[in-house]
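Student: Sequence:
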Amino acid sequence: MTTEPVAAEAVAAETGRDFIRDIVQADLASKTHSHVVTRFPPEPNGYLHIGHAKSIALNFGIAQEFPGHCNLRFDDTNPTKEEQEYIDSIQADVRWLGYDWGDNLYFASDYFERLYEWAEELIKQGDAYVDDQSQEEIRLARGTLTEPGKNSPYRDRSVEENLDLFRRMKAGEFPNGARVLRAKIDMASGNINMRDPVLYRILHAHHPRTGDTWSIYPSYDYAHGQSDAIEGVTHSICTLEFEDHRPLYEWLLDKLPVPSKPRQYEFARLNLTYTLLSKRVLTQLVREGHVAGWDDPRMPTIAGLKRRGVPPAAIREFIKRIGVAKSNSVVDVGMLEFCIREELNRTALRRMAVLRPLKVVIENYPEGQVEEIEAINHPDDPAAGTRKIAFGRELYIERDDFMENPPKKFFRLSPGTEVRLRYAYFIKCTGVIKNDAGEVVELRCTYDPATKGGNAPDGRKVKATMHWLPAAQSKPAEIRIYNQLFAAPSPDAGNFAADLNPQSLEVLTDARIEPAIAESNSNEVMQFERQGYFVRDADSTSDKMVFNRTIGLRDTFAKEVGGKS
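Counting with the numbering used here, you get residues -12 to 552 for the letters of the sequence shown.
Please note: incorrect hints may appear among the correct ones.
[What the hints assert, rightly or not] The following label-pair restraints were derived from C-beta to C-beta distances: (1) 21 - 120: 31 to 37 Å; (2) 428 - 493: 19 to 25 Å; (3) 397 - 428: 16 to 22 Å; (4) 542 - 386: 19 to 25 Å; (5) 528 - 101: 46 to 52 Å; (6) 92 - 68: 18 to 24 Å; (7) 356 - 418: 17 to 23 Å; (8) 530 - 68: 22 to 28 Å.
[Stated by the list, open to error] Computed cross-link-like contacts, DSSO-like style, restricted to lysine-lysine with a CA-CA straight-line distance of at most 27 Å: (9) 346 - 375; (10) 462 - 421; (11) 157 - 68.
Hint data in this document are derived by calculation from the structure and do not stem from the laboratory. Backbone N, C-alpha and C define an ideal beta-carbon position, used for all residues, glycine too.
Make the full structure from the sequences, and use the hints.
Tutor: Dropping the structure here:
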């Protein structure tokens, strides 16, 4: 899985046209801007998910497609929820997706001093005031969509009193929640975001970058636009939930002596079936132990997708296909899976693995004899070459490939039937050995030496070709079969635990893999023939290899849950 940045030409080839790009192109053509500056502004309070990948691809893609650059700016304005772990993971994820910010790495905390000075400017202009009401009182007085809000009893404080109180807030004189700084706009506005929004709150908390320097921290709405202006951002691209915040964004830019005037544009966020992208839900999944961590391969996080073996090129192709729209919609997760399969079918080398082994003894094959069978590494890429697989008297086949009493349309191995072993010979089942519980534990077969390579000289046909592995030379491995984390197409974010899929993970501890897999140190995804695509997991050791299933060769989950996924 490549982690190298994608060249600008590749980005341009991957992108389609959309209304945001049309705006950017028009601004360049009219010379409104000569250089495009976008930004990706994550809050470091969790790991990025695939919804963020859409924003990353849009912002970095535009900056590479047109003359310009994209800033990576961390919105680190809430020290109670932010951690260095999240900052590190976000940078790693953006790079893994194929994008690079160069020298343009910023933090909202870089601007704390200037943001504070501008807040004092608002107070001096009569555009902000210190409010002593509690958070609950402010909420109740804000009104509803049909009823106007009520002015705070502290709204008409003098400039001098507001400055004094705000400076004392900064000095750490008051406890958390005692006071806030609010913009003085219009409590009767039809847009609730304009009803005297909070600009600063008191937070006695240690900040990862500024330590204990600050006792007050700006709100996102206050820090966002001013940070864009400081960095010279030309196109501030947000998801649709920020559309109602745009008037406040513009009000603040108009009121303050900012060095530039960025404009905000909104696009539809990504919503996927069988998936929840709420950061609150993802955090709960981790903290409540429903998953093994932020990088659990069932998680829709970038780290989880990476650990599962999803290639970044597949994510970029998916983002390209869904496009950039102005209205929200839900995308079928099957489109993402299609992009993953399409990419891996093109790039993944083929190998053989038996996930649920059933032993086969070929009784007419000479004891002690071992021969090498040649197998191709990729059917569509001759340059990928071939490899050798040992063939001997004792083999493993997939347990599901045998039935003692098969139905009419079962074409794999059963007593008296003949099948082809991939790259090897025709074999016929002549006997079945069971344990005391009546379970099949071993098959006795014969082989036809004339069918080496998989074809019979007499022209007879068989209806099945099966994968296999040599019993002695194959290696043990643990296989983790991942399915959708949620069983419902539209999981309930308010009660997500009820929609969790109990079959989201199956662990197979006695699988067998061919030596070519075991001997490789590669972390590239491989196709286990007839099984799906698999990648070596970080839990692998020299004594115990572990592989995650990235995705099956076809969608069986949709059939199991009775719907289209």
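Student: Checking one constraint from the list: CA of residue 462 to CA of residue 421, max 27 Å. Satisfied?
Tutor: With Cα atoms ~24 Å apart, residue 462 and residue 421 stay inside 27 Å; holds.
Student: Is the distance from the Cβ of residue 528 to the Cβ of residue 101 consistent with 46 to 52 Å?
Tutor: holds (51 Å)
Student: Is 22 to 28 Å right for how far apart the beta carbons of residue 530 and residue 68 are?
Tutor: Between residue 530 and residue 68, where Cβ atoms are some 39 Å apart, the hint is violated.
Student: Are residue 397 and residue 428 spaced within 16 to 22 Å by their CB atoms?
Tutor: For residue 397 and residue 428 the Cβ distance comes to about 20 Å; the hint holds.
Student: Is it true that the CA of residue 346 sits at most 27 Å from the CA of residue 375?
Tutor: holds (21 Å)
Student: May I ask you to test the hint 19 to 25 Å on the CB atoms belonging to residue 542 and residue 386?
Tutor: With Cβ atoms ~22 Å apart, the hint holds.
Student: Honestly, do residue 428 and residue 493 meet the 19 to 25 Å range at C-beta?
Tutor: Given a distance of about 21 Å, which is inside 19 to 25 Å, the answer is holds.
Student: Quick check: does the Cβ-Cβ distance between residue 92 and residue 68 fall within 18 to 24 Å?
Tutor: holds (21 Å)
Student: Residue 157 and residue 68 were given as a pair; does the straight-line alpha-carbon distance stay at or below 27 Å?
Tutor: Given pair residue 157, residue 68 holds - Cα atoms ~20 Å apart, limit 27 Å.
Student: Is it true that the C-beta distance of residue 356 to residue 418 lies inside 17 to 23 Å, as the hint says?
Tutor: Holds - the Cβ-Cβ distance for residue 356 and residue 418, about 21 Å, lies within 17 to 23 Å.
Student: Would you say the C-beta atoms of residue 21 and residue 120 sit inside 31 to 37 Å of each other?
Tutor: For residue 21 and residue 120 the Cβ distance comes to about 47 Å; the hint is violated.
Hint compliance for this structure: hints 1 and 8 are not met, and every other hint is.
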